[in-house]
Structure formats: structure tokens, C-alpha cells
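K.L.:
The numbers in the sequence shown follow this note's numbering, run straight up by one, and end at 307.
Take these hints with a grain of salt, some might be off.
As the list claims (entries may be wrong) - Label-pair distances were calculated between CB atoms; the ranges are:
1) F114 <-> S80: 46 to 52 Å
2) V292 <-> Q92: 26 to 32 Å
3) V292 <-> I42: 34 to 40 Å
As the list claims (entries may be wrong) - Computed list of lysine-lysine pairs in DSS-like fashion (alpha-carbon distance at most 25 Å, straight line):
4) K266 <-> K200
5) K266 <-> K89
6) K229 <-> K266
Hints were generated in silico from the structure; no laboratory data involved.
Just so it is clear, CB atoms sit at the ideal spot from N, CA and C, and this is done for glycine as well.
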Amino acid sequence: MSGRSSGSSSPVAPYLQVAPLAIVMIAMVGIPLATVVLLSFWESDGISIYPAFTLANYREVLTSPVTLSLFLKTLQYAAITLVCTALIGFTCSYFLVFHVRDLKWQIGLFLLCTIPFWTSNIIRMVSWIPFLGREGLFNGFLVQMGLTSAPLDVLLYSDFAVILTYVHLYTLFMIVPVFNSMAKIDPNLVEAARDAGARPWQILCYVIIPLTKTGLALGTIFVVTLVMGDFFVVRVMSGGQSASVVSAMKNEIDQLYYPQASAMAVLLIMVVLLMVSAVLRIVDIRSELAR
Numbered sequence: 017m018s019g020r021s022s023g024s025s026s027p028v029a030p031y032l033q034v035a036p037l038a039i040v041m042i043a044m045v046g047i048p049l050a051t052v053v054l055l056s057f058w059e060s061d062g063i064s065i066y067p068a069f070t071l072a073n074y075r076e077v078l079t080s081p082v083t084l085s086l087f088l089k090t091l092q093y094a095a096i097t098l099v100c101t102a103l104i105g106f107t108c109s110y111f112l113v114f115h116v117r118d119l120k121w122q123i124g125l126f127l128l129c130t131i132p133f134w135t136s137n138i139i140r141m142v143s144w145i146p147f148l149g150r151e152g153l154f155n156g157f158l159v160q161m162g163l164t165s166a167p168l169d170v171l172l173y174s175d176f177a178v179i180l181t182y183v184h185l186y187t188l189f190m191i192v193p194v195f196n197s198m199a200k201i202d203p204n205l206v207e208a209a210r211d212a213g214a215r216p217w218q219i220l221c222y223v224i225i226p227l228t229k230t231g232l233a234l235g236t237i238f239v240v241t242l243v244m245g246d247f248f249v250v251r252v253m254s255g256g257q258s259a260s261v262v263s264a265m266k267n268e269i270d271q272l273y274y275p276q277a278s279a280m281a282v283l284l285i286m287v288v289l290l291m292v293s294a295v296l297r298i299v300d301i302r303s304e305l306a307r
């Protein structure tokens, strides 16, 4: 009886199960995104928006040296932040998995990495200003130790401050997936490689890193998308001396040039999607997670 009822279940049932999530995704993501794409083809004079189809917004963005330089600057921020967070995240995860044997200590040290995230991103970002400023703690330490004769201006309101803040804010997004992937590595594989005469760097390159590529790929997606979509850190930590694509979009919105801002948003989404697609082509995350 139960077998007959299960075999005669309606083919519409799977669609009904997916429908609530699909409706939410369409309402919260699909419709706003479609609105931005549609708006990017409209015209604007800074006062009113005209629903006339035009490619002028995209032509202006793609031919503007300023806009292209902002895209390159944003990609530069994302690349440097990615390298720094990958090195820090991999090192911390490697230490926790292969050098901390006690599970309680592993959990405790891992939670210690999450403590800064118990506070607001804005608070953690602004806390660098009194530390890196000309009269800040770090410059005071350098002058008192005789390492510099005057405070360093490069520490704050510069690209260094922007990247340092990005690394501070987003390193945990690399540590979590890398630690999760590394914790699944069978210790017997490492012992077998060591017994076979492999050196530590060979074990790292040919055993640990290949088995951690899923975590590195997920961390890369998290970090890149977060950096590419940020403008507040650049505005505050650069002191207005630098900018990103999103900060330029914010300026266009403030001046009521919504179509131009929408065109920049669409191009930025395309760039991020291309980067994420490249990562997914290198690492098949779904098949790796299914193991």
C-alpha cells in the first residue's frame, strides 16, 4: 500500500517543494537585478530618467580612462587581499590541524580567530585609525625605538591602510573553508608520504595543498566578492585619496545618474561572475564537497 502510494506521487511535488525558495530568490535577487539591468539602458540628465533604450551608458563606462583605472584598482585590491588572506588562512589552518593535536585546543584557538567578528566591521575598521595615525601607537613606538626619525605617513590614508583593513576584515572567510577542508585530510596519508621519504615541502605541495583546494576555492570566492563589492573601507581608510568601482557608483547615485551607475554595476557583476567561473572551472567544488 505504502509502495503504491510512494510510486504514484505527483510529478509536481518537487516543484512545489522548491517553489517557496524560488519565489524568495526571484523577489529578493531576480527582480532587483533585472531592474538594474533595465535601468542601465535608460537615459538620464542628472535630473530625470528617461526610459529610452541606449548603449551610451556602457560606451561611456568602457571608454572612460577613469572608470577603467578604477576597475584595475579594484582588481588590484582584490588580488593583493586574496594573496594575503590565503597565506594567513592556510598557515593558521595548517597549524591548527597538524600541530594542535588536542581537539579542545583546536576548537578554542579556532574560536579565538572568530572573536574579532563579534564586533561590527565598522568598529574594527575605524580602530586602525588611532593605531596607524601620525600620532598613533605604532608610529609612536617606531619613533621611541629610534627606527624612524619622524612618523610615517604611508601607514594611514593610503593603499596600505586599505589592504591591511581588508585583510583584517576578511581573513576569517578564508580560514573557515580552508580549515574545514584541511581537517578532512586523513593523517595516514601524511604519514604514508613521510614514510615513503617525502620531504615536508613535498608533503605540503603534493598532498596537503591538492586536498585543500576546495577550501581555497571557496575562500577565494568569498574574499574576492567581498572586496569587489566594498566601497566604505576604501573611502575611509584611503582618506579620499583612492577609489574603487563601487565608490564611483556611489558618487553617480549621489548625483542622480542612476543609469550610469547601473551600467557600472552590471559590468562589475560580469567581472565578478567571470572570476568566480574561472575558480569553479579550476576546482569542481560540488564534486569535491560530495566526497
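K.L.:
Each hint should be assessed against the structure and marked as holding or not.
P.N.:
These are the hints, each one checked on the structure:
{"no.": "1", "hint": "F114 <-> S80: 46 to 52 Å", "verdict": "50 Å, holds"}
{"no.": "2", "hint": "V292 <-> Q92: 26 to 32 Å", "verdict": "18 Å, violated"}
{"no.": "3", "hint": "V292 <-> I42: 34 to 40 Å", "verdict": "21 Å, violated"}
{"no.": "4", "hint": "K266 <-> K200", "verdict": "43 Å, violated"}
{"no.": "5", "hint": "K266 <-> K89", "verdict": "16 Å, holds"}
{"no.": "6", "hint": "K229 <-> K266", "verdict": "35 Å, violated"}
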